[in-house]
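Between the sequences and the hints, there should be enough to build the whole structure, so can you do that?
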Amino acid sequence: MKSKRNIRLMYAIALLQGMAFYGPIATLYRQAAGVSVFQITLIESISLALALALEVPWGILADRIGYRRSMIVCCGLYFLSKIVFWQASGFGGFLAERLMLSVVCAGLSGLDVSILYLSCPEEESHRVFGIYNNLGMAGLLTASAVYAVFVGENYRLAGLLTVFSYGAAAVLALFLREVHPSQARTASHQLADFAALLKQLARSPRLLLLVLAAAFLNEAHQTITTFLNQVQYTRAGLSASAIAVVYVVMTLLGLCGGFSARLTGWLGERRTGGLLLGLAAAACLALTLTQGPLVSVAAILLLRVCHSLFTPLQTTLQNRQVTTGDRATALSLNALLMDTVAVFTNLVFGRAADVFLPLAMGFGFALCFAGLVLYLASSRPKTGSLQ
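Residue 304 in the numbering used here sits at position 304 of the sequence shown, with consecutive numbering throughout.
Just so you know, the hints here were simulated from the structure itself, not pulled from any lab data. Here the structure is a predicted model, which is why all the values come from computation and not from measurement. Every residue gets a Cβ at the ideal spot worked out from N, C-alpha and C, and that includes glycine. Don't take every hint at face value.
[What the hints assert, rightly or not] Ranges between beta-carbon positions, derived for each pair:
1. Arg262 / Gly130: 15 to 23 angstroms
2. Gly110 / Leu294: 40 to 48 angstroms
3. Leu174 / Ala53: 24 to 32 angstroms
If you want it as structure tokens, here you go:
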């Protein structure tokens, strides 16, 4: 049954859950509460590992209790996790918040888009997904602007405002209507498909190299632009308000992925991927060698642009190499491999940053350079001509 009310509610939930008012200073917030960079990345690795372990069980549970109830549980737990974050102090408090978030992330994985897909006509799903994603971005931009103008150095106020936003989203989830999938797959079928696809991936060296290259760039980008950038900005002498303004610009640059197809059409797939990975490596190298404010901001923004442009390209290449009918499961396996890489790279980044921040940026350079080598190997033309 199609439901316009579900679509409107999911739009509002996306907007409200995008409003993480502490986003521009997430690392500084934790550091002010007594958590080191290594502890932050350790928490991230533990959280990611738990989310991966809960992925399949949550999918089975959602099929049994219904998508509406699952969404209510996830939004309610999301709200509670923000209360914990607002009041957290020290490693234990932030670990508890992140473990709650692991349950939420595993539960929401595919759940929100399933509700949207089953609530709208199939021919409108692309447009609905686009609006849904843009509203999440709009929420983040709004929260970042509010932080820059009104919050400043009051980190706990940013946490409290986020509690209000996520609380409102949890209330809206109560008014969703149930939607029913046409067919639910059993756990044994899911695990059997997973094992078969794992063997197929192991026999596809080009795809494996591509996935690893994308994983290395993803993790360098994610860690540096989410956590280490704030430490770099502080070392460069930027104020909290200035950091928030840069964060808004960086968020807007995430939209440049729409130009990826045009760039690829101009340069070709192999040259485009090589250029973007090479520039990402150069950005990390610049962060390794300097702490000047202008260079730091420019390098982090460049890294953001490279990742935004590379993501659509690597997604297209991954889809092209899927030969099974179970496309979603195959792509999920690729994502699982990338997340597994993240569990370990997070720890290296965190330990290196605690010792010497340029060392962590140097590790980002090593990841991007390795990604460049792997990408060029994965895209080497069989006929000797560039693609």
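Now the hints, each set against the structure:
no. : hint                                : verdict
1   : Arg262 / Gly130: 15 to 23 angstroms : holds, 18 angstroms
2   : Gly110 / Leu294: 40 to 48 angstroms : holds, 42 angstroms
3   : Leu174 / Ala53: 24 to 32 angstroms  : holds, 29 angstroms
The structure fails none of the hints (numbered hints given earlier).
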